[in-house]
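Can you build the whole structure from these sequences, using the hints too?
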Amino acid sequence: MAVQGASSCPQSGSVRKITRGRAKRAWRRALVAAAAVMALPGLAGPALAMPTHPLHRTPEGGFEQLMVPSSMGPIKVQVQWAKHGGDAALYLLDGLRARDDFNAWTFETNALQQFADDNITLVMPVGGQSSFYTDWRAPSSTNGQKFTYRWETFLTEELPAFLEGYGVSRTNDAVAGLSMGGSAALALAAYHRDQFKHASSFSGYLNISAPGMREAIRIAMLDAGRFNVDSMAWPWSPAWLRMDPFVFAPQLRNLPLFISASWGVLGPHDHPDSPIGIFNTMNAVALEALSMVNTVSFMARMNQLGIGAHYNLPVAGTHSWGYWQDQLAAARPDILAALGVS
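Quick note: the sequence shown uses the working numbering, first residue 1, plus one each step.
Think of the hints as simulated: they come from the structure by calculation, not from any bench.
Given the structure is predicted, the values throughout are model-derived calculations rather than measurements.
Here a beta-carbon is modelled for each residue, glycine too, at the ideal position from N, C-alpha and C.
It cannot be assumed that every hint is accurate.
Unchecked claim - Now the in silico label distances, taken between C-beta atoms and shown as ranges: (1) G62 / T142: 16 to 26 Å; (2) L313 / R226: 31 to 41 Å; (3) Y191 / G144: 23 to 33 Å.
Encoded structure:
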């Protein structure tokens with residue numbers, strides 16, 4: 001029995017010729033018709049420009065991981081889209097030991113749940129260990145870094161331009177961070193008022209030019225990735241002073257702010273149950289006490305300038321994620337109000 005459609009079919013060659021001929025004639029007719037339509041004014045309409053970024057296709061309120069081009073190479077950014085497709089955004093900055101796989105706000109806290117029903121997009125960049133989210137003068141000279149950190153450029157130019165293609169505003173954002181990210185959040189907002197309408201600092205170091213602070217930061221950065229503070233900025237250079245909230249405080253006038261730190265007293269989130277746990281907790285006590293000293297100094301400076309802010313300075317609390325989660329929840333109403341999110 002002959003197989004249907006086999007090449008042994010006696011007239012298969014002529015059938016293929018007829019089919020090809022019909023296909024060519026149909027294709028020519030389609031081209032002629034298309035040309036005729038395009039020639040008719042009012043029917044063709046203006047040419048559609050191809051988007052430079054993907055349109056926002058993620059379900060409203062969904063979570064997505066993006067790879068965003070930058071001068072540092074592709075940067076992973078974790079995003080929770082606004083519940084109802086709104087264009088406001090909150091940038092959440094990590095701490096000194098920022099990891100290369102996840103932004104710690106996504107797994108150390110319930111930040112995603114806190115804003116799950118709000119019409120605001122959470123933007124959580126991944127990486128930037130010891131960077132202070134600023135533009136460095138050179139690659140770190142103590143750990144073989146192959147590129148120069150350009151985090152301010154990324155967060156205020158490259159990333160907003162990319163997210164704009166997803167419907168995220170470049171002019172209605174807030175920024176919040178803890179520890180290293182706290183002082184960075186204030187710096188980004190101070191120098192980019194067109195982008196950020198609110199800034200929050202949780203346990204930030206807000207007087208980094210105070211006696212001993214640069215060397216304390218040097219030790220911390222060497223411990224967190226062997227980064228060299230001198231590669232970031234020379235001592236008390238314009239670039240260093242530009243990073244210091246105590247110095248740029250006048251530029252925060254009329255910007256809604258939420259500033260928090262604790263006194264380093266053990267609280268409800270401290271439960272050390274091993275020698276290493278006790279060591280880490282004592283370290284968190286010391287770091288938080290230093291943050292509070294910085295914050296009180298910054299607050300005095302702001303009061304002297306007549307610049308207001310929302311301060312939350314509880315006694316209990318250490319330099320750890322449970323308390324930063326609580327402070328984010330406390331700042332949430334201010335953030336939503338500043339961005340006009342209902």
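We went through each hint and held it up to the structure:
1. In this structure the hint that G62 and T142 lie 16 to 26 Å apart at CB is violated, the actual value being about 41 Å.
2. Evaluation of the 31 to 41 Å hint for L313 and R226 yields a pass: the beta carbon distance comes to about 34 Å.
3. Y191 and G144 have their C-beta atoms about 30 Å apart, which keeps the hinted 23 to 33 Å range intact.
Hint 1 alone, counting from the list given before, is not met by this structure.
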